[in-house]
Amino acid sequence: MTDVSAPQVKKRTGFQALEVDTRLLGMIGAFLVICFCFNILTEGRFLTPRNIFNLTIQTVSVAIMATGMVFVIVTRHIDLAVGALLATCSAFMAMLQTRYLPDMFGLGLGHPLTPWVTIAAGLLVGSVIGAFQGWLVGFLAIPAFIVTLGGLLVWRNVAWYQTSGQTIGPLDPTFMKFGGINGTLGETWSWIFGILAVAWALWALWSARKAKIAHDFPVKPAWAEATIAGIIAVGILGFIGILNAYQIPERRLERMFEARGETMPEGFTAAYGLPVSVLLLIAVAVAMTLVAQRTRLGRYIFATGGNPDAAELSGINTRMLTVKIFALMGFLCALSAVVASARLTNHSNDIGTLDELRVIAAAVIGGTALAGGIGTIYGAILGALIMQSLQSGMAMVGVDAPLQNIVVGTVLVAAVLIDTIYRKKTGGR
Amino acid sequence: MAPLCEMRDISISFGGVRAVDGVSIHVNPGEVVGLLGHNGAGKSTLIKILSGAYKADSGEIYVEGEKASIATPRDARRYNIETIYQTLALADNLDAASNLFLGRELTNWMGFVDDDKMEAETRRIMARLNPNFRKLKEPVSALSGGQRQSVAIARAVYFNAKILIMDEPTAALGVHETQMVAELIQELKKQGLGIFLISHDTREMLELCDRVSVMKNGQLIGTERVEDVTEDDILSMIIMGKKPDKAA
Ligand SMILES: Nc1ncnc2c1ncn2[C@@H]1O[C@H](COP(=O)(O)OP(=O)(O)O)[C@@H](O)[C@H]1O
Ligand SMILES: [Mg+2]
Chain W
1 MTDVSAPQVK KRTGFQALEV DTRLLGMIGA FLVICFCFNI LTEGRFLTPR
51 NIFNLTIQTV SVAIMATGMV FVIVTRHIDL AVGALLATCS AFMAMLQTRY
101 LPDMFGLGLG HPLTPWVTIA AGLLVGSVIG AFQGWLVGFL AIPAFIVTLG
151 GLLVWRNVAW YQTSGQTIGP LDPTFMKFGG INGTLGETWS WIFGILAVAW
201 ALWALWSARK AKIAHDFPVK PAWAEATIAG IIAVGILGFI GILNAYQIPE
251 RRLERMFEAR GETMPEGFTA AYGLPVSVLL LIAVAVAMTL VAQRTRLGRY
301 IFATGGNPDA AELSGINTRM LTVKIFALMG FLCALSAVVA SARLTNHSND
351 IGTLDELRVI AAAVIGGTAL AGGIGTIYGA ILGALIMQSL QSGMAMVGVD
401 APLQNIVVGT VLVAAVLIDT IYRKKTGGR
Chain E
430 MAPLCEMRDI SISFGGVRAV DGVSIHVNPG EVVGLLGHNG AGKSTLIKIL
480 SGAYKADSGE IYVEGEKASI ATPRDARRYN IETIYQTLAL ADNLDAASNL
530 FLGRELTNWM GFVDDDKMEA ETRRIMARLN PNFRKLKEPV SALSGGQRQS
580 VAIARAVYFN AKILIMDEPT AALGVHETQM VAELIQELKK QGLGIFLISH
630 DTREMLELCD RVSVMKNGQL IGTERVEDVT EDDILSMIIM GKKPDKAA
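Protein chains in written order, with our numbering: chain W, 1 to 429; chain E, 430 to 677.
Take the hints with a grain of salt, since some may be wrong.
[To be verified] The following label-pair restraints were derived from C-beta to C-beta distances:
id	chain 1	residue 1	chain 2	residue 2	range
1	W	26	E	496	53 to 63 angstroms
2	W	139	E	571	31 to 41 angstroms
3	W	76	E	565	18 to 28 angstroms
Hints in this document: simulated from the structure, not taken from any laboratory.
Note that this is a predicted model, so its numbers are computed, not measured.
Ideal Cβ positions, reconstructed from N, Cα and C, are used throughout, including at glycine.
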């Protein structure tokens with residue numbers, strides 16, 4: 001009998017030895033092209049630390065929801081209610097922190113527990129509403145399209161009722177730290193985070209390689225591994241470096257010192273550094289990637305998307321799985337509601353409007369197949385980033401709002417077309 | 430002694446169609462029982478009741494003499510009943526190892542799925558079942574019909590089945606691979622498994638099985654020991670729906 005435990009080693013040379021995902025490369029390439037084009041069109045204003053900082057914090061809310069949308073679409077469902085659910089969660093949390101907790105529960109204004117109770121309650125509400133929609137889809141077999149189309153109308157207007165359509169603010173100062181510019185790590189901590197992230201990435205690469213060797217699986221040549229490690233390290237530290245290059249304006253710094261009753265020393269400067277909201281997105285991305293690739297839940301999500309009958313016959317409770325996926329989506333909508341309302345420093349009645357389209361577009365541009373079974377978390381985040389840079393870039397160049405939307409719509413369709421062609425060429429993946 | 434597995438007076442309807450109508454079959458340890466009949470006779474539906482995919486409207490299932498309640502595929506697996514479905518029931522977007530362990534993933538101490546270990550185990554069992562199997566990393570949609578069949582077979586035999594259901598396991602296979610499945614059945618039989626085998630190939634069935642049951646329009650026409658019947662007897666049972674006259 002032939003021995004298969006010693007796998008055949010196909011020699012890969014040069015670029016192939018890196019074994020990087022060509023789809024990922026394509027998306028990064030598209031993103032870079034967009035950035036450089038806008039940078040030329042705006043005479044260098046697009047790729048400034050300030051704009052990159054803004055672009056990043058504008059992307060977070062949609063990107064967080066897009067990671068959840070990947071699971072929804074992979075299992076052949078859709079969620080049209082994410083923007084409306086974000087609004088309901090945002091309204092609930094705004095009312096909770098400005099009215100209910102201080103007045104009804106007597107915590108008073110500015111109680112240190114207020115933001116945390118608010119966030120916990122908001123996440124719970126989002127998850128429960130999501131789970132309810134998932135139950136309608138999974139157990140009552142109502143198509144997700146219909147459940148969430150109804151949800152879009154229901155939750156948008158539940159938000160309205162909660163606040164009587166009013167803008168609610170200002171929000172709790174600690175709560176607002178999750179929005180972006182009002183909560184950043186500062187220079188030192190940003191570097192520390194960057195270095196820890198690089199160390200973790202290197203450790204992950206190294207332990208994956210070690211595990212492969214332990215099982216006698218083929219591994220990449222050492223130089224290829226080192227190249228990838230180098231690119232990751234430069235990428236992470238470069239990003240931190242750019243964010244750290246964005247200095248807090250002098251007047252703002254002065255006010256910060258005044259608020260503490262001090263005077264600002266002559267020539268004092270400080271950078272914003274990594275926003276807390278981006279940290280949150282990174283945490284979500286890591287957690288969701290772990291769920292997708294390394295947990296049973298993730299395995300079942302992809303198996304169900306690939307062949308629902310096979311999943312069922314393998315003993316997977318696909319109905320309960322649907323509830324879990326929509327509950328997770330609801331949780332992420334609530335998390336995005338924290339980020340979005342904190343960024344705007346208040347809850348406005350139209351918060352999250354059209355987000356469902358942005359979120360679905362981000363997931364789809366990121367390579368999630370509507371036919372189910374295929375999609376990646378990093379793809380969805382990149383998709384959100386591509387969408388946001390297109391939108392901001394066009395706004396900076398001075399493209400009319402209607403034309404902006406026409407371009408974004410066209411890009412969405414074109415991206416799916418390219419993806420379809422790519423899949424055909426590479427054999428149905 | 431009680432049979433290893435017995436289905437007693439099983440009926441199920443879909444809408445108005447009686448897909449299975451009062452059928453009783455059983456299998457003993459180390460025995461292969463064949464199910465024959467035209468397309469639509471109810472063979473797949475009958476065994477899907479045993480594998481937990483469908484719930485019978487009436488009738489009982491006994492495993493080793495004890496009444497078994499099988500409502501889901503998970504229940505069936507708990508009774509060590511493993512199934513190779515006619516449709517194979519593979520998730521095309523996942524690789525061989527993920528399919529083999531679907532619903533029963535190996536996990537490490539942190540509770541994460543251990544892909545490396547599952548791949549190593551898959552290599553091991555594939556070396557036994559189909560030595561030419563190489564495409565471990567690719568989604569099973571990239572595999573040939575025979576290779577996909579091997580994955581489905583591997584999944585059923587890996588987990589120490591006591592009762593094995595094989596619904597047309599050789600339908601997608603070439604001559605050589607069919608021969609390998611036949612050898613596998615003989616080997617599993619020696620290990621004392623009870624096997625329900627469904628196939629269209631009457632001659633093959635007479636070689637592999639100890640007894641054959643013939644179904645037509647959801648009903649059991651009869652069960653015969655293979656020594657007692659000829660291929661023509663079986664064919665007439667399938668076509669006419671009548672037991673051969675045992676005049677002698
Ligand atoms: N899920 C189902 N829903 C409705 N009818 C079904 C279903 N499964 C099987 N049937 C019907 O039951 C009958 C038996 O089918 P099946 O068990 O697949 O036959 P066989 O495997 O013997 O070819 C057929 O008439 C088929 O149309
Ligand atoms: Mg059949």
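Cross-check of the supplied hints:
no., hint, verdict
1, W/26 x E/496: 53 to 63 angstroms, "holds, 58 angstroms"
2, W/139 x E/571: 31 to 41 angstroms, "holds, 35 angstroms"
3, W/76 x E/565: 18 to 28 angstroms, "holds, 27 angstroms"
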